[in-house]
Every structure is written in structure tokens, then in C-alpha cells.
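Can you build the whole structure from these sequences, using the hints too?
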Amino acid sequence: DERLNHAQRIAKVGSWYFDIPGNILTWSDETCRIFGEPIGIPVPIEAVLRHVHPDDLDECIRIYENSFDARLPFSIVYRLRRHDGEYRWLLDNGVPRWKDETEFIGYIGSCVDITERKQAEVDRQQLEQQFHQAQKLVSLCVLAGGIAHDFNNVLTPIIGFADLLLAKMRPTDPAFADVMNIKQNANRAANLVRQLLAFSRKQTLQPKVHVLTEALSDLGNLLGRVLGEKVSLKINHDRELGLVMVDIHQFEQVIINLAVNARDAMPNGGSLTVRTYNVGVEESRTIMPSLMPPGEYVACEVQDTGSGIPAEIREKIWEPFFSTKDVGKGTGLGLSTVYGIVKQTGGFIFCDSEMGKGTTFKIYLPRFYPQKSDAVVIEEKPADAPKRDYTGKERILLVEDEDAVRAFALRALTSRGYTVVEADSGESAIEKIDMDDKGFDLIISDVVMPEMDGPTLLRELRKRGNETKFVFVSGYPGEQFEQDLEGHSGYSFMPKPFSLKQLVEKVKEAMEG
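16 is the number of the first residue of the sequence shown in the numbering used here; add one for each residue after it.
Heads up, some of the hints might be wrong.
[Unchecked claim] Straight-line C-alpha distance at most 30 Å; calculated DSS-like pairs for lysine-lysine: (1) K249 - K358; (2) K516 - K453; (3) K377 - K249; (4) K447 - K358; (5) K478 - K453; (6) K249 - K223; (7) K377 - K223; (8) K447 - K521; (9) K521 - K408; (10) K523 - K198; (11) K249 - K198; (12) K183 - K523; (13) K223 - K245; (14) K408 - K372; (15) K408 - K198; (16) K523 - K453; (17) K478 - K408; (18) K478 - K516; (19) K377 - K447; (20) K516 - K408; (21) K377 - K408; (22) K521 - K484; (23) K27 - K133; (24) K198 - K521; (25) K408 - K331; (26) K408 - K249; (27) K358 - K408; (28) K223 - K183; (29) K408 - K223; (30) K358 - K183; (31) K478 - K183; (32) K453 - K372.
If you are wondering where the hints come from, they were derived from the structure by calculation, not from laboratory data.
Next up, the structure:
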């Protein structure tokens with residue numbers, strides 16, 4: 016017995032015997048330690064069943080009875096409450112014992128504490144769920160970015176040709192209002208596309224060093240108008256709040272989107288609290304270690320006293336076009352835009368919600384420490400400049416595979432006096448340049464084209480010693496291709512969709528720059 020107990024203690028596996036005639040459980044020393052009971056004291060079976068978790072009790076009894084009926088071994092996992100109040104996960108393996116074919120005398124088996132193993136399984140399942148959610152979001156990001164790119168190619172000629180029509184019309188013309196409606200709705204569509212790009216983290220950000228205290232203070236009045244009279248607004252800041260590197264206009268959009276959702280969750284009124292504070296390295300380790308690396312962060316909490324978000328839809332709130340609002344009252348892009356902006360900024364966002372008690376969104380932005388060599392830039396409000404002349408006589412090579420976009424840009428530039436040569440691909444552009452004997456002052460090229468894209472065209476021309484200035488246009492942001500052009504210069508970028516005014520301004524800027 017001593018050697019058996021010693022072996023069980025090393026293996027952390029206990030043994031037990033349930034005597035049916037006496038209704039008594041006899042445990043080995045290791046089983047007593049696992050159960051948290053005094054060693055060497057047999058107990059009635061009812062005393063053990065009282066400690067089995069209520070959710071597991073019926074299943075335990077069913078498995079024991081099935082084992083008896085089938086005369087087969089059994090295995091059962093259940094939770095048992097020890098005397099200290101802690102529930103432990105246990106694995107019992109046993110077999111029924113028969114004295115002969117007719118007399119059933121009990122069960123004999125082993126017991127193992129698998130609490131740590133069970134917790135590891137739960138953690139693994141949570142990580143798998145988070146991984147699958149991340150994969151799904153990545154797929155949605157790719158889809159959203161592709162849709163946004165294609166829509167920008169569609170919207171560019173709509174906005175552009177509307178501008179061309181408006182340039183020839185007077186406000187008193189009967190069709191003027193109709194064309195203006197076309198342009199305004201196209202611009203609304205362009206804003207939706209920007210939200211898609213924000214979700215897919217493919218928009219162009221202009222991050223600068225900011226203190227959130229100042230940014231949110233300026234936003235207070237606007238938030239008050241957004242929330243209305245029924246919702247009170249509180250803004251609290253920690254002292255000596257750290258610096259962050261953000262595109263402040265995009266971050267303001269994050270707070271506004273969260274405020275709009277909070278307002279809709281409080282139809283009968285309530286309060287919205289925006290709070291900022293510093294987060295140290297040690298504190299950051301306890302927030303979400305599987306997703307957010309430890310470090311110094313500046314946190315911004317947006318907390319409402321609304322209806323809360325049901326647990327079953329909490330994992331879906333970041334998905335584009337997912338909305339719980341009535342048809343026509345939301346695009347389903349509000350929180351997906353928030354998620355995209357925060358992630359593209361290098362931050363993290365988490366949601367805590369309880370039904371009937373409100374929702375808290377917690378944003379963590381990496382804290383920024385400026386170097387001594389960093390120059391302080393003071394932005395001065397530019398004085399009113401005289402109207403510029405956006406006409407010209409220079410020669411431009413226009414490279415664009417979308418016929419409608421190319422047709423609009425051709426009309427717009429020739430109407431301003433420029434001589435424009437068209438090319439529908441990178442290869443065609445090379446041929447035009449080789450055949451041309453006058454030279455071009457500027458090349459306007461799409462970025463994404465089949466076979467030879469815009470950046471490849473620039474590199475090929477630079478290899479040949481051609482230093483013509485470039486203006487790249489794309490439905491994707493400029494950062495997507497700038498890494499491919501490292502070491503090259505003489506180019507600028509203009510995102511799609513662009514208007515007539517933006518096109519001629521960019522051309523003039525490139526010519527003079």
C-alpha cells in the first residue's frame with residue numbers, strides 16, 4: 016500500500032472503490048488529496064454527489080447507469096467543489112464489478128485532476144476563435160479594399176463629367192440642379208468608399224504628434240450637438256497625458272462614430288463619458304496579452320449608459336455592413352471604420368458591454384516619445400492667395416486602363432490648353448514615348464494596371480534615363496506602392512476619385528514642383 020500510494024502521488028493519479036452494498040466510497044491517499052478530503056476516511060456516495068457541479072450531476076449519473084447496464088468501462092469529466100469552495104475539473108475512469116453473473120457489487124476506478132488541461136483547452140479554443148475572427152476580418156479587408164478600388168474608378172468619371180457639365184452651365188439653367196444632385200450623391204458614395212478603405216486599413220493617413228486632451232476638448236461642442244439634449248457628455252483627462260502619433264481628423268471620426276452609436280443606444284437619454292489616461296507597461300500586460308503586446312499606451316475610453324450589446328453579436332460588430340439598426344438608419348460601416356482607423360494607427364480597440372448597463376469601448380494608442388532632434392513645426396494659417404491660372408501648354412502623357420477615367424481626364428486637361436497623348440497600358444506608354452520626338456513634360460499614370468503597372472513604368476523609364484515627372488493616381492492610397500519606389504523621386508500621388516478642380520491643381524503643382 017505504501018509503495019502504491021507513493022507511485023500514485025508521483026503520477027498524480029488516484030484510485031477509488033465504490034461499494035454498492037455499503038453505499039461507501041473508499042479513496043486512495045492521492046484521491047483524497049485531489050478531492051481535498053481527509054486521508055483514509057470513507058464517505059457515503061451522497062456526500063460526494065452534493066459536491067458535483069449542478070450542470071454535471073445528471074450526466075454523471077447517466078454515465079454510471081449506462082456502464083452498469085452495458086457492463087462496460089466508463090470515462091467521465093465533471094466538476095467537483097472542494098471544501099475550500101474551488102471547483103476542479105476531474106477525469107474518472109472506471110469499470111463496474113460483478114461478484115457473479117447476478118450480483119453487482121460496485122465500481123472501481125481512477126481519478127485525475129485535469130483542471131489545468133481543461134483551462135488550456137479553453138484558452139486554445141479562445142485563441143482559435145480569435146484567429147478565425149482575425150482571418151475573417153483579413154478576408155473582409157481584402158474584399159473591402161478591392162471593392163473600394165473599383166468603386167473609385169467608377170466614381171471618378173461620374174464626378175469629373177459632372178464638373179465638366181457644370182463648367183458649361185449657369186445656375187439658372189434647368190438641368191443645373193440635376194447635375195448638382197448627381198455630383199453630390201457621387202460625393203456621398205465617395206465618402207462611403209473612404210469608410211471602406213478605413214475598414215480595410217488602406218486609406219491615406221497623415222499622422223502627427225498630438226495630445227488627446229486638446230483634440231477632444233476641441234471636439235466637445237460637436238459631440239454635444241451629435242448627442243442631443245437627452246444625453247449628457249462628460250470628458251475627463253488624466254494629468255500629464257502622453258503624446259500620440261495620430262491623424263487627428265481620423266481619430267475625431269472614431270470618437271464621433273462611437274458617440275453616434277452610443278446616442279442610438281440611449282433613446283430615452285443617459286450619459287456618455289470620454290476618459291483618457293496613461294497605461295504603463297505592467298498594466299498593459301493584464302489587458303489582452305494574447306492580442307496586445309506590453310508597452311506604454313495612451314488610453315481613450317468611450318462609455319455609455321445605454322442598452323448594451325448582446326453577447327451573441329459582440330464578435331460581429333467590427334464587420335462591415337453589419338448593423339442592428341432599422342433599414343435606412345445606418346450603413347453598417349460605423350464600427351468597422353473605427354476598427355480600421357485604430358488598427359492602421361497602430362492601436363488596439365476592445366469592447367466591454369453588459370445588457371442593460373451600457374457599453375465601454377477602450378482604445379489603446381502607442382505612446383510617442385519625441386527625440387531631442389525632432390523639430391517643432393508650427394502650422395500657420397495661410398493667407399488668402401490670389402487665384403491661380405490652371406491653364407497650360409505643356410505636353411502630358413495620360414496612362415490609364417479605365418476608358419471612362421481616361422476620357423474624363425483627357426477632356427479636362429485639353430480644355431485647359433494642355434496637349435494630351437493617351438495610353439491604355441504601361442507597354443503602350445513605352446511605345447508612345449519611343450515613337451515621340453517632342454518629349455513630355457508630365458506623365459499621369461494609374462498605379463494598378465495589367466501586365467505593367469505604374470511603378471514598373473516609372474522604374475523602366477528611370478533605367479532609360481527618362482526623368483519626366485510623374486503623377487500617380489489610384490483608388491488605393493499612395494503608401495501601397497511607395498515602398499516599391501524607394502530610391503526614386505520625381506513623382507507625386509493623387510487618390511481617386513478626384514474632381515476637375517483637383518486634377519488641374521495637381522497637374523499645375525507637379526509642373527511647378
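Right, here's what the structure says about each hint:
| no. | hint | result |
| --- | --- | --- |
| 1 | K249 - K358 | holds (26 Å) |
| 2 | K516 - K453 | holds (28 Å) |
| 3 | K377 - K249 | holds (16 Å) |
| 4 | K447 - K358 | violated (43 Å) |
| 5 | K478 - K453 | holds (20 Å) |
| 6 | K249 - K223 | holds (26 Å) |
| 7 | K377 - K223 | holds (21 Å) |
| 8 | K447 - K521 | holds (23 Å) |
| 9 | K521 - K408 | holds (15 Å) |
| 10 | K523 - K198 | holds (24 Å) |
| 11 | K249 - K198 | violated (39 Å) |
| 12 | K183 - K523 | holds (22 Å) |
| 13 | K223 - K245 | violated (35 Å) |
| 14 | K408 - K372 | violated (66 Å) |
| 15 | K408 - K198 | holds (29 Å) |
| 16 | K523 - K453 | holds (20 Å) |
| 17 | K478 - K408 | holds (28 Å) |
| 18 | K478 - K516 | violated (33 Å) |
| 19 | K377 - K447 | violated (55 Å) |
| 20 | K516 - K408 | holds (17 Å) |
| 21 | K377 - K408 | violated (55 Å) |
| 22 | K521 - K484 | holds (12 Å) |
| 23 | K27 - K133 | holds (16 Å) |
| 24 | K198 - K521 | holds (20 Å) |
| 25 | K408 - K331 | violated (54 Å) |
| 26 | K408 - K249 | violated (58 Å) |
| 27 | K358 - K408 | violated (45 Å) |
| 28 | K223 - K183 | violated (41 Å) |
| 29 | K408 - K223 | violated (38 Å) |
| 30 | K358 - K183 | violated (44 Å) |
| 31 | K478 - K183 | violated (43 Å) |
| 32 | K453 - K372 | violated (72 Å) |
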